[in-house]
Amino acid sequence: MRRVLALVLVLAGCGTTQPSTSGGEITVFAAASLTESFQQLGEEFEAANPGTKVSFNFAGSSALAQQLNQGAPADVFASAAPANMKQVTDTGTITATPTTFAKNTLQIAVPKGNPGKITGLADFAKGDLKIALCAEQVPCGAAAKKVFAAAKITPSPDTLEQDVKAVLTKVSLGEVDAALVYRTDVQAAGDKVEGEDFAEASSAVNDYPIAPLAKAPNAATAKAFVDYVLSEKGKKVLAAAGFTAP
Amino acid sequence: MTLHAELRVQRASFSLDIDLSIEPGEVVALLGPNGAGKTTALRALAGLVPSDSRIHHNESTWDGLPAEKRPIGVVFQDYLLFAHMSALDNVAFGLRARGTRKAEANAVALQWLDQVGLADFAHVKPRTLSGGQAQRVALARALATAPELLLLDEPLAALDASTRLRVRSELGRHLADYPGHTLLVTHDPLDAMVLADRLVILEHGRVVQEGSPRDVVRQPRTDYVANLVGLNFYRGVADGTEVRLDDGGTLTIAEPADGPVHVVFPPAAVSLYPEKPAGSPRNTWQAVVTGIEPHAHTTRVDLDGSPAVLADITTATVAELRLQPGHALWVSLKATEIHTYPR
Amino acid sequence: MRSRLPVVLVLPAVVGLAFLLVPLAGLLIKAPWATLPAQLFSQEVGQALQLSLICASLATIVCLVLGVPLAWLLARSDLPGRGVLRALVTVPLVLPPVVGGVALLLVLGRRGVVGQYLDQWFGISLPFTTAGVVLAEAFVAMPFLVISVEGALRAADPRFEEAAATLGASRWLTFRRVTLPSVMPGVVAGTVLCWARALGEFGATITFAGNFPGKTTTMPLAVYLALETDPDAAIVLSIVLLLVSVAVLAGLRDKWISGPS
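Residue numbers (numbering that gives the first Met the number 0), protein chains in the order written: chain A, 0 to 245; chain B, 0 to 342; chain C, 0 to 260.
Calculated from the structure, these hints are not laboratory results. Note that the structure is predicted; figures quoted are calculated from it, not measured. Treat the hints with care, as some may be off.
Here are the simulated DSSO-like pairs of lysine-lysine, each with C-alpha atoms no more than 27 Å apart in a straight line [as the list claims (entries may be wrong)]:
(1) A:Lys102 to A:Lys235
(2) A:Lys151 to C:Lys214
(3) C:Lys29 to A:Lys214
(4) C:Lys214 to A:Lys85
The following residues of chain B were derived to be distant from chain C, with all beta-carbon distances above 12 Å [unchecked claim]:
(5) Asp16
(6) Gly24
(7) Pro65
(8) Leu79
(9) Ala96
(10) Gly98
(11) Glu103
(12) Ala141
(13) Val207
(14) Asp245
(15) Thr249
(16) Thr251
(17) Pro293
(18) Thr316
(19) Glu319
(20) Ala327
Beta carbons: idealized from backbone N, C-alpha and C, even for Gly.
Turn these sequences into a full structure, and let the hints guide you.
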């Protein structure tokens, strides 16, 4: 309906200020941590480019990489880690050079009011506190491992969660006293979670690469979307979500 | 001690309201058409339906006691033997449930199985037993706990005709040995006549007649009972040797009577003629054949007239008269064959 | 032997069978057979497998102890609103397991409606413990048992219970000696379903009990996390879970559901 309507508008000569791209529908595979910011970017992109429609598949980056390698139809891949992007470029599913469009750093997440009185990374070694970390297999877990290694702290986690959202669920419900997640995730979690920056965070900065797929069904729009993410407007949305600029 | 029961059960479309007394050693048969409330009465005695019944026995009352607290034994229509237990375990179940030790319970159960002639089947599962054998196990199971009241719900209904004859006489023997009170629920008059000391006839949840089998057979009080015992049955008003029947017609009787009476005579006492027969003091009237069917060794003819009547005649007579529905015939009946008794 | 099977039934049956089995075959084909033994006997797999079997079995016991009486109540009592209760019991079936896990956290978590008192009064905290895994699995698996046992109870003739009552058996004795044996096939079927569901449980478990090797990492959790980095290992883990469950279920079936047919 929307596409038809847009087409009618274009035919009726209601020209837009932006140069019109080729239009059409694209599918973007994006890391789960990009959910809020990319949804907003998608809407802005559609508004700026009438006739386009952006659909998203948000999931863990490695799951997405696998789906893409198995031939899942998509136009753009935005990964939360260069490693997952590499899995896709290695198989030739993506041939373009990926561009880093955002960086993310870790933050200590605590339930509102900080009931565990967490003051820094050293508290993660305390056995009597409930601590949640991401599993090492997922990006936030790998980053956490790097941070603890750099800080020479042995954490005593009670659970190694399968993704960031699961960690935040436990923080927001007060089931754990502290967790290590990305700034963006703390930002997105709302009032029930508070974030604390810590000095050692700089030892694990996560790059977010983006690239269009080699066999993108809608290559022109895919490229346009990548450009939009890299544009000033894109940077603004990402910054609002807690990302830092590359 | 006599067992007294006032059984009251109220349901949406049905109410049961009967008084029963059963002497020790006595077998009372509850007889009645389907839906008369026989099984409901049995279930009320057993404590399996909610009711406002009062049951007294030996100075004690069973009112409000759940089934498991009543000293009863029940043989159900389809026996309800526990399929996963051996015959022995089935019979021992009641004793075990009442706290008897296993060894003792098994010994008693085996004795009972022996008594019903099934000692060799002690370790057999019920599904391999024949109908007759299952019935005997069910009886042994009901009697093993030495209950005060034995309740039999159509105990022979599930058996085929030939087995039934044998099992009925066996059941009669066991009931004769049983010192407690027995209530037999059946719709089969033969079972009732053979097994019971006293019949209680139930219709629409009420007792319509009770008495010894002999009395009931001779003097039925309702159409159902008359039909059951195979008699022509009328209500009328007697004046000397004349009885004016309520539904039309007049009969001449041999023994003078007065006032409202029941009138019965056996269908075999009725003769049929193509022409009006000569000679007195006979009752003769015209009637039309409405039905003919074989009945035991004779043929039963259903006739509509004043009064309507059933006649049992020989097959030879059927052939001779070339009987067909719609034929008009003369009915003849000796006054001495008619039996009357006050209403 | 002259009777032929009707095509209208056989064709969809074969398609159905293929639909169920082909994905399993895919797992077997893609399995890294060369590295399989090494992966199989790694400490990690052993630990996860052991934990899975123990938790699924404990959860099944919990389900039996609570679920069979519940099924009896639903099938036999004249409780008002039984229909609504019956529908409510099936809620965990339709609830996404992750939501079930969150619900459990809300009730039994450290800050939960009930959990906060468990924590304050007894110092018991269920999340992130093996007991939490058992609880989460039991929550998701119990409806399978209850539905199966309740169906069997409703199909069973209640007059046998009356017969037992007339023989002097209390309701409890009747239940144990008459009712339960007569619905045994239903109980076994329900137990098998319940155990299988508990063994494969992922969402509620990881949400409520978290994931920590040796404590709460069951096979499905290990499979999921392995999938993040090492799909081959995930396949191996899946095959192990598959083989063990098939072996156990086949064994149970032969032992318990071998009535005359």
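Hint-by-hint comparison with the structure:
| no. | hint | in the structure |
| --- | --- | --- |
| 1 | A:Lys102 to A:Lys235 | holds (13 Å) |
| 2 | A:Lys151 to C:Lys214 | holds (25 Å) |
| 3 | C:Lys29 to A:Lys214 | holds (25 Å) |
| 4 | C:Lys214 to A:Lys85 | violated (33 Å) |
| 5 | Asp16 | holds (23 Å) |
| 6 | Gly24 | holds (21 Å) |
| 7 | Pro65 | violated (7 Å) |
| 8 | Leu79 | violated (4 Å) |
| 9 | Ala96 | violated (4 Å) |
| 10 | Gly98 | violated (9 Å) |
| 11 | Glu103 | holds (15 Å) |
| 12 | Ala141 | violated (8 Å) |
| 13 | Val207 | holds (28 Å) |
| 14 | Asp245 | holds (44 Å) |
| 15 | Thr249 | holds (53 Å) |
| 16 | Thr251 | holds (55 Å) |
| 17 | Pro293 | holds (38 Å) |
| 18 | Thr316 | holds (50 Å) |
| 19 | Glu319 | holds (54 Å) |
| 20 | Ala327 | holds (53 Å) |
Hint compliance for this structure: hints 4, 7, 8, 9, 10, 12 are broken, all remaining hints hold.
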